[in-house]
Amino acid sequence: MQHFISPVLWQFLIKWLTNFAIFPPEASSIAPYADALYFFLIFISAIGLGAVALLVITFSVRYRQSRNPVATQIEGSTLLEATWTIIPLILFMICFVWGALLYFRIYSPPPNAMNIYVVGKQWMWKIEHPGGQHEINALHIPIDRPIQLTLISQDVFHSFSVPAFRVKREVIPGRYNTVWFEATKPGVYHLFCTQYCGTLHSQMIGWVYAMKPEDYEAWAAGSTSGHSLAQSGERLFAALGCNSCHNDTPNAHGPNLARVFGSRVQLQNGQFVTVDDAFLRDTILNPTLHQIAGYAPIMPTYQGQVTEDGLIDLVEYIKQLDSDYRIEQTIDNSASQPVQTGATPTGTSAPALPPGTVKQ
Amino acid sequence: MLPKVSYLNKEYGLKSWLLTGDHKRIAVLYMISITFFFFIGGAMAALIRLELLTPTSDLLAADTYNKVFTAHGLIMVFLFLVPSVPATIGNFLIPIMVGAKDLAFPKINLLSWYLYVAAGIMMICVLIFGGVDTGWTFTTPLSTHYLNTNVVSAGLAVFVAGFSSIFTGLNFIVTIHRMRAPGMTWFRLPLFVWSHYAASILMVLGTPVLAITLVLVVLERTIGIGVFDPSKGGDPLLFQHLFWFYSHPAVYIMILPGMGVISEVISTFSRKRVFGYTAVAFSSVAIAVFGFFVWAHHMFIMGISNYSALVFSLLTMLVAVPSAIKIYNWAFTLYKGSITFETPMLYAFGFMGLFTIGGLTGVFLGATGTDIHLTETYFVVAHFHFVMVGGMLMSFLAGIHFWWPKWTGRMYPEKISQLAALTTFIGFNLTFFPQFILGTLGMPRRYAAYPPEFQVLNVFSTAGATVLGIGYMLPILYLTWSLKYGEIAGDNPWQATGLEWQTQSPPLTENFVEIPIMDHEAYDYEWLERMQRKEVASV
Numbered sequence: 001m002q003h004f005i006s007p008v009l010w011q012f013l014i015k016w017l018t019n020f021a022i023f024p025p026e027a028s029s030i031a032p033y034a035d036a037l038y039f040f041l042i043f044i045s046a047i048g049l050g051a052v053a054l055l056v057i058t059f060s061v062r063y064r065q066s067r068n069p070v071a072t073q074i075e076g077s078t079l080l081e082a083t084w085t086i087i088p089l090i091l092f093m094i095c096f097v098w099g100a101l102l103y104f105r106i107y108s109p110p111p112n113a114m115n116i117y118v119v120g121k122q123w124m125w126k127i128e129h130p131g132g133q134h135e136i137n138a139l140h141i142p143i144d145r146p147i148q149l150t151l152i153s154q155d156v157f158h159s160f161s162v163p164a165f166r167v168k169r170e171v172i173p174g175r176y177n178t179v180w181f182e183a184t185k186p187g188v189y190h191l192f193c194t195q196y197c198g199t200l201h202s203q204m205i206g207w208v209y210a211m212k213p214e215d216y217e218a219w220a221a222g223s224t225s226g227h228s229l230a231q232s233g234e235r236l237f238a239a240l241g242c243n244s245c246h247n248d249t250p251n252a253h254g255p256n257l258a259r260v261f262g263s264r265v266q267l268q269n270g271q272f273v274t275v276d277d278a279f280l281r282d283t284i285l286n287p288t289l290h291q292i293a294g295y296a297p298i299m300p301t302y303q304g305q306v307t308e309d310g311l312i313d314l315v316e317y318i319k320q321l322d323s324d325y326r327i328e329q330t331i332d333n334s335a336s337q338p339v340q341t342g343a344t345p346t347g348t349s350a351p352a353l354p355p356g357t358v359k360q
Numbered sequence: 001m002l003p004k005v006s007y008l009n010k011e012y013g014l015k016s017w018l019l020t021g022d023h024k025r026i027a028v029l030y031m032i033s034i035t036f037f038f039f040i041g042g043a044m045a046a047l048i049r050l051e052l053l054t055p056t057s058d059l060l061a062a063d064t065y066n067k068v069f070t071a072h073g074l075i076m077v078f079l080f081l082v083p084s085v086p087a088t089i090g091n092f093l094i095p096i097m098v099g100a101k102d103l104a105f106p107k108i109n110l111l112s113w114y115l116y117v118a119a120g121i122m123m124i125c126v127l128i129f130g131g132v133d134t135g136w137t138f139t140t141p142l143s144t145h146y147l148n149t150n151v152v153s154a155g156l157a158v159f160v161a162g163f164s165s166i167f168t169g170l171n172f173i174v175t176i177h178r179m180r181a182p183g184m185t186w187f188r189l190p191l192f193v194w195s196h197y198a199a200s201i202l203m204v205l206g207t208p209v210l211a212i213t214l215v216l217v218v219l220e221r222t223i224g225i226g227v228f229d230p231s232k233g234g235d236p237l238l239f240q241h242l243f244w245f246y247s248h249p250a251v252y253i254m255i256l257p258g259m260g261v262i263s264e265v266i267s268t269f270s271r272k273r274v275f276g277y278t279a280v281a282f283s284s285v286a287i288a289v290f291g292f293f294v295w296a297h298h299m300f301i302m303g304i305s306n307y308s309a310l311v312f313s314l315l316t317m318l319v320a321v322p323s324a325i326k327i328y329n330w331a332f333t334l335y336k337g338s339i340t341f342e343t344p345m346l347y348a349f350g351f352m353g354l355f356t357i358g359g360l361t362g363v364f365l366g367a368t369g370t371d372i373h374l375t376e377t378y379f380v381v382a383h384f385h386f387v388m389v390g391g392m393l394m395s396f397l398a399g400i401h402f403w404w405p406k407w408t409g410r411m412y413p414e415k416i417s418q419l420a421a422l423t424t425f426i427g428f429n430l431t432f433f434p435q436f437i438l439g440t441l442g443m444p445r446r447y448a449a450y451p452p453e454f455q456v457l458n459v460f461s462t463a464g465a466t467v468l469g470i471g472y473m474l475p476i477l478y479l480t481w482s483l484k485y486g487e488i489a490g491d492n493p494w495q496a497t498g499l500e501w502q503t504q505s506p507p508l509t510e511n512f513v514e515i516p517i518m519d520h521e522a523y524d525y526e527w528l529e530r531m532q533r534k535e536v537a538s539v
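Chains A and B, in that order, are what the protein sequence lines are.
Residue numbers 1 to 360, in our numbering, belong to the letters of the first sequence in order.
Residue numbers 1 to 539, in our numbering, belong to the letters of the second sequence in order.
SDA-like mimics (lysine to any residue), calculated; alpha carbons at most 25 Å apart, straight line:
1) B/Lys107 - B/His177
2) A/Lys121 - B/Pro55
3) B/Lys336 - A/Ile47
4) A/Lys185 - A/Pro32
5) A/Lys126 - B/Pro230
6) B/Lys336 - A/Ala82
7) B/Lys336 - A/Ala53
8) B/Lys232 - A/Gly304
9) A/Lys126 - B/Asp235
10) B/Lys534 - A/Gln73
11) B/Lys336 - A/Val70
12) B/Lys415 - B/Val467
13) B/Lys232 - A/Phe279
14) B/Lys336 - A/Gln73
15) A/Lys15 - B/Ile48
16) B/Lys415 - A/Val61
Examples of chain B residues lying across from chain A (beta carbon under 7 Å, computed):
17) Leu142
18) Gly276
19) Gly303
20) Ala320
21) Ala331
22) Tyr335
23) Gly337
24) Thr356
25) Leu360
26) Phe364
27) Thr370
28) Gly442
29) Tyr447
30) Ala449
Read the hints as simulated data drawn from the structure, not as lab findings.
Note that CB positions come from ideal geometry on N, CA and C, so glycine has one too.
Based on the sequences and whatever the hints tell you, model everything.
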């Protein structure tokens, strides 16, 4: 066969036959559900389009001028028009409800999910595991375990998309977005940036490595930087002098941060809010925005002084402050030890600056 | 014989064209300039498809590719699709169809064309002086803080083009309200007029929001006011809300006038009144009204609250219903008709098929759960092009062929134009259908380079674009030819009922010898017959 057609075309055909996909792999627990709705939509589209095609073709043949020289004038038909108003409406409503159920599921992480932070920047993905594993354009995850991603951009809009998992979430500067999934099949899957983000948008791609739990454990143990995010956060907390006010002494200027994560606090304006990642990030950067009741608005802004990675470290640290003992220990540590600058990927090259702060 | 005096030969000389107040001459001016920009935008599309022939970015560097798709989007959306049918065919026909001598504000109509030309020249300058790479969506903070290209001038070009569109819309609204001939009640208006009325409302109410948004982008970029900048307390999502508040209704601005063309064409070539006139008329208005409340379906994955996504998804489903009504009403217009298959009818059939696919794939994206996987991929690109190219461009070509005898007094050559219609249809499907599959596989849009497993489908798409390109070149050639050599058309070559067919081709500058008196419904083919048998007086 290859003697009769050009070699280039032959190669192309071979490539086509061996490398041709029309449907992405289903590698997450949500993927079969997403695909079920997708196929339902294809089904109703086929019916809708088929009905139009059937009507147009039948009428064109039956009532062509050579066969039907004189048209019969018809005003319309309320019954027929009601039919093709109500049937599509019902079908679309089914799609709406079905789609909404799926949507709420994809964007409502279960409470036991393992949280991984993702920072998007032009043009790479920085992945921060709580255990201190830092990756670029790669995400290692265990299968059969819900994974929640907390995503933020340090510059423009990006979008985190894993087609094999059927999930996607915009990665926006200034706010944490979340998405979750549970991988079901070990494998390596594409990770794309799908929001146009400038010159090398099409290079902002990476791989998701879904691994068996034991393989994941081995990877995690071998890839850690040695400092968990909370440990990095603890050092940053001390280096920025946060503990001079947030120190749980009777005369402290700032609220005690132990067990504050997840609690409800009252603001100056009487409103109650739940302390979550976004709240902590906002109060570090813009303290007066959510002034806690009972405290003077004296906290300075840390806007421009802490990187997104550093903010994540701080948030992780505060999340884990579950006893007063920990914060006292932080104070002791910072008082007795000079700030140690470890060679973590989040660190800067200047040795005087702790990791996570911005070079001034 | 062509009529001795018509709008084309009443006056001669460049000045008589450039300072004209005649809506028909302005329509001709618009037609020439829009065709010019269509082919510039088309050349950009050709570059995009050539680049995507291979997985690596080899023909164009990444930056160049980004500028090319931005130029394609900006030119096609703001300088072609938005003004295409309304400013050309609509401009020519609205006054004649309502039985008026001209639009309500002829000078504003001319100003609208000059603004369009100014916007076009600005856009050309943007391209010549280095281009712009924001994407047609101007997404902040990329556009405001991170790009070194001509963002401000591109934004201003779109700003100016917006005013051209507002003036056209304003003119149509006033004309349709105030200048209908005696006896021309609202429910005797051709559906073409109804759909233009709906589109005009969107133009007048929506476009100012785009103008405000672009001004904010320019201010943010130049003096850093921080409305969209989170580090200054601004909200980057606000830009998305404002931009789509215009840009979603804008797709209805683009498609509604096209739907008007299809109503006229299908009725004429099946010699039968449009099935359920009132339903088709009100579905245009319903699309215009609902169209304003669905914008956030562009933002389902962006982190708006789950509940607001719910509301916008529901409204999106509702806006799909009037389109479905229209499609089935058109299909039933054929029932017991006496159908012939001239070129405009072929394009109209093409529209019905492609628009149905475009509309139904819109439901995939309106359903929040599937939107997560499909949005920002080639699925969206394919959906949008099915609606805009498959729908709008098909109806534009249907309209050009249908009213060509009225504009020029001469017929286009039938056989070759049927061939062109068929070529366009085949080329279109080959170009854009593979993109639905690419999108389902997850290929992101706006990629200069892509993983190699997507290549096969991209090769199909590029091959299809070549066929499509031929389909678009053909009409330019034979329509130009027909200006001199086409058969003389006569007043009413299609035996259609609209008022525009009851006057000479090409029409007089004043459209009618005397103002017509409308004494029958739209699409009244029995009246037409009686009139031709001289049983009743002509209008």
